[in-house]
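Visitor: Here the protein sequences line up with chains A and B, keeping their order. In terms of our numbering, the first sequence is residues 140 to 253. In terms of our numbering, the second sequence is residues 19 to 111.
Please note that a few of the clues may not be correct.
Cβ pair distances, simulated, as ranges [what the hints assert, rightly or not]: (1) D177/A <-> S89/B: 40 to 48 angstroms; (2) K207/A <-> G79/B: 35 to 43 angstroms; (3) T208/A <-> R38/B: 53 to 61 angstroms; (4) V95/B <-> A173/A: 26 to 34 angstroms; (5) K93/B <-> N205/A: 29 to 37 angstroms; (6) I214/A <-> E62/B: 23 to 31 angstroms; (7) E142/A <-> G85/B: 42 to 50 angstroms; (8) A76/B <-> P216/A: 37 to 45 angstroms; (9) P82/B <-> S160/A: 50 to 58 angstroms; (10) T78/B <-> K207/A: 35 to 43 angstroms; (11) V221/A <-> G75/B: 18 to 26 angstroms.
Please keep in mind that the hints were generated in silico from the structure rather than gathered at the bench. None of the values given here were measured: they were computed from a predicted structure. By construction, the Cβ of each residue, glycine as well, lies at the ideal position given by its N, Cα and C atoms.
Spelled out from the first residue to the last, the chains are:
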Amino acid sequence: MSETITRAQLTEAVYQEVGLSRNESADLVESVLAEMSDALVRGEMVKLSSFGSFQVRQKGQRMGRNPKTGEEVPILPRRVLVFRPSHVLKKRINDGDADTSGYASDDVEPDTSY
Amino acid sequence: MTKSELIQSLADRNPHLLQRDAERIVTTILDEITAALARGDRVELRGFGAFSVKQRGARTGRNPRTGEAVSVDAKVVPYFKTGKELRERLNDD
Numbered sequence: 140m141s142e143t144i145t146r147a148q149l150t151e152a153v154y155q156e157v158g159l160s161r162n163e164s165a166d167l168v169e170s171v172l173a174e175m176s177d178a179l180v181r182g183e184m185v186k187l188s189s190f191g192s193f194q195v196r197q198k199g200q201r202m203g204r205n206p207k208t209g210e211e212v213p214i215l216p217r218r219v220l221v222f223r224p225s226h227v228l229k230k231r232i233n234d235g236d237a238d239t240s241g242y243a244s245d246d247v248e249p250d251t252s253y
Numbered sequence: 019m020t021k022s023e024l025i026q027s028l029a030d031r032n033p034h035l036l037q038r039d040a041e042r043i044v045t046t047i048l049d050e051i052t053a054a055l056a057r058g059d060r061v062e063l064r065g066f067g068a069f070s071v072k073q074r075g076a077r078t079g080r081n082p083r084t085g086e087a088v089s090v091d092a093k094v095v096p097y098f099k100t101g102k103e104l105r106e107r108l109n110d111d
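Looking at chain B on its own, in the form it has when it is part of the complex (with noise of 0.2 angstroms):
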């Protein structure tokens, strides 16, 4: 499912929505977790999972072509973690 798939089944399921208001409701949503992960905020979406930010320190790694060794600044790096509903109901048999 892309995310135009998954406008497009928003609009079927709610006639009464025009297309560009389903398309608004997945950016907006998307939008949103960004700028909240920017901020350094958690999202959490209870049955579906939470988006948090991690730390990772600077490091030294290595360009694996040439063997050279390059700094790599410290970054943060957003994570996800499944939500106990859909995790169980991914495991459903």
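If we strip away everything but chain A, and leave its shape as in the complex, we get (with noise of 0.2 angstroms):
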């Protein structure tokens, strides 16, 4: 069955991983999605190897409609927000690649020898 992630699991893994407490292991998460909203916000774009790079993209006003009553209405022009996911992640998430420890199995063919 598939499961929800959340902040608390990102803070229990900073917590285990670096040994700080769990109240500033919970600050530090919170505090690297900041860094990396206000980026975005500020409209540059956040590249994180081996992970993937989110984008700000603008986008022109176009005619829409509203599903329920089949009125035109005009959808404004806004910034949207685009991931792209790098191959390495990718890969792991084909691979059903769990232990994602250390980078040395990037490099490396699956093997298939089994």
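With the hints as a guide, bring both chains together as one complex.
Guide: Here it is as structure tokens:
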């Protein structure tokens, strides 16, 4: 059954891995998300190697439709965030590679000998 | 902003933190998200966004150069949906 991971589990992982207090680990998880959000709001791209990149795109105005009433309504110009996963992330997800400690496996071909 | 710039700004804002710890914090967060997606779990970070995986069925594709038909295996792709608060911040004028 698939589960939902939240800030709580990220905080726990940072707590286990880095050895700071739980409170401080929680603040730092928040701080990382805030740094990323602030950069994106400034219009900067956020590129995280072996994970993926977040980019803000400007969308022009277009006509949409209210699906319930069929009425035409303009969709205003807006900024949207696009995430592009890296090849490494896509590969790890398809290999079901839950052990992501270390990066050595990035360059290694999957073992097909079994 | 790159990963190393993110690590640097985290270290700058938290002067008591060792550079090495700032690096481990960022790496741990990204590794946890990756591991969750590899298990098929969803990662929901309120205000920022949610990561999930979507199944893509097998299909017959074409080599664009030769036009030859090739079979493409079923796969899982990561998907990100921007959180409400961040979406609103991107469009506050």
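Visitor: Evaluate each hint against the coordinates.
Guide: Going down the list of hints, with the structure as the test:
A C-beta distance of roughly 45 angstroms is found between D177/A and S89/B, which places it inside the suggested range of 40 to 48 angstroms. Separated by about 37 angstroms at the C-beta atoms, K207/A and G79/B satisfy the suggested range of 35 to 43 angstroms. Restraint check, T208/A to R38/B: a C-beta distance of roughly 58 angstroms satisfies the suggested window 53 to 61 angstroms. Judged by the Cβ atoms, the range 26 to 34 angstroms given for V95/B and A173/A holds: they are separated by roughly 27 angstroms.
About 35 angstroms separates the C-beta atoms of K93/B and N205/A, a value consistent with the hinted range of 29 to 37 angstroms. Distance hint check: the CB atoms of I214/A and E62/B are about 26 angstroms apart, consistent with the given range 23 to 31 angstroms. Evaluation of the 42 to 50 angstroms hint for E142/A and G85/B yields a pass: the beta carbon distance comes to about 44 angstroms. Evaluation of the 37 to 45 angstroms hint for A76/B and P216/A yields a pass: the beta carbon distance comes to about 39 angstroms.
In this structure, P82/B and S160/A meet the distance hint of 50 to 58 angstroms, their C-beta atoms being roughly 54 angstroms apart. Range check, T78/B to K207/A: about 38 angstroms between beta-carbon atoms, so the 35 to 43 angstroms window is met. Between V221/A and G75/B the C-beta distance comes to about 23 angstroms, which sits within the given range of 18 to 26 angstroms.
Comparing the model with each earlier hint shows no violations; every hint is respected.
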